[in-house]
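Q: Sequence:
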Amino acid sequence: MIMKLYQARYNQSLVLTINVRGYSAGMNTNLTEIMRLITNLIRTGTVSEVDPVNWLCRVKTGDLETNWINWLTLRAGNTRTWWQPTVGEQVMLLSMGGNLETAFALPAIYSDAFPPPDYSENGSTTQFSDGGFFQYEPATGQLLIKNIKSLRIEAADGIQLLTEAFGVDASLTTLNSDAAINGAVTQGGGAMSSNGVVVHTHKHGGVKSGTDTSGGPA
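In our numbering, the protein residues as written are 69 to 286.
Since the hints were derived computationally from the structure, they do not count as laboratory data. The beta carbon of each residue, even a glycine, is placed where N, CA and C say it ideally should be. A few of these clues could be false.
As the list claims (entries may be wrong) - Per label pair, the in silico range of CB-to-CB distance:
id, residue 1, residue 2, range
1, Trp123, Asn244, 33 to 41 Å
2, Gln255, Leu140, 52 to 60 Å
3, Ser197, Asn244, 27 to 35 Å
4, Glu169, Thr231, 50 to 58 Å
5, Ser262, Ala233, 24 to 32 Å
6, Val121, Val265, 21 to 29 Å
7, Gly199, Trp136, 36 to 44 Å
8, Phe172, Val121, 40 to 48 Å
9, Thr107, Thr149, 27 to 35 Å
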């Protein structure tokens, strides 16, 4: 009788031990998965590929590489902006539920490969891969655009410039339109031609001395 009771208690203890160990192992597995998902919620990485046609990119983060995912943009409604990330650009990965397959790439984070283009305290600077430079500096009140090949502005109704002074420094200035100048004109430093006639060297025919008026250009 005593041996049977002892055996029963031993079997019960063995079953309890097995159940506790099984529960502990399952709990550890769940905790590992939870920690993995939490770690993947926010990660940093670098863009490895870009598909501009489908507005997708792939990002390497540690030893992992995402599938094709969207990157976040400033606006994507009635007003839309476009500025694709660059291969090698450092971004932040935002993964809903910790699943990298549903992540979004949020540009961008400065890196040694791509440092800031300027260090102005209050200014705004954009520099492009070809050297194109766009900057506004509040300290001087200057908007600077440089290192570009051409500038084109299209306006259906008109363009109006309001300023104290307007200067043009160019090898050639061409106006393909009628022009109306409401003010004095001062010209110097070279010849002025009107319909093929150089104004300051042309001669008049039918000229008489005295108070008569000269004729047209010869």
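Q: It remains to establish, for every hint, whether it holds in the given structure.
A: Against the structure, the hints come out as follows:
Restraint check, Trp123 to Asn244: a C-beta distance of roughly 39 Å satisfies the suggested window 33 to 41 Å. Hint check: Gln255 to Leu140, Cβ distance near 55 Å, so the stated range 52 to 60 Å holds. Distance hint check: the CB atoms of Ser197 and Asn244 are about 33 Å apart, consistent with the given range 27 to 35 Å. At about 55 Å, the beta-carbon gap between Glu169 and Thr231 stays in the expected band of 50 to 58 Å.
Against the hinted window of 24 to 32 Å, the Cβ-Cβ separation of Ser262 and Ala233 comes to about 26 Å, which satisfies the hint. In this structure the hint that Val121 and Val265 lie 21 to 29 Å apart at CB is violated, the actual value being about 57 Å. Restraint check, Gly199 to Trp136: a C-beta distance of roughly 31 Å breaks the suggested window 36 to 44 Å. Evaluation of the 40 to 48 Å hint for Phe172 and Val121 yields a failure: the beta carbon distance comes to about 19 Å.
In this structure the hint that Thr107 and Thr149 lie 27 to 35 Å apart at CB holds, the actual value being about 31 Å.
Of the numbered hints listed earlier, those contradicted by the structure are 6, 7, 8.
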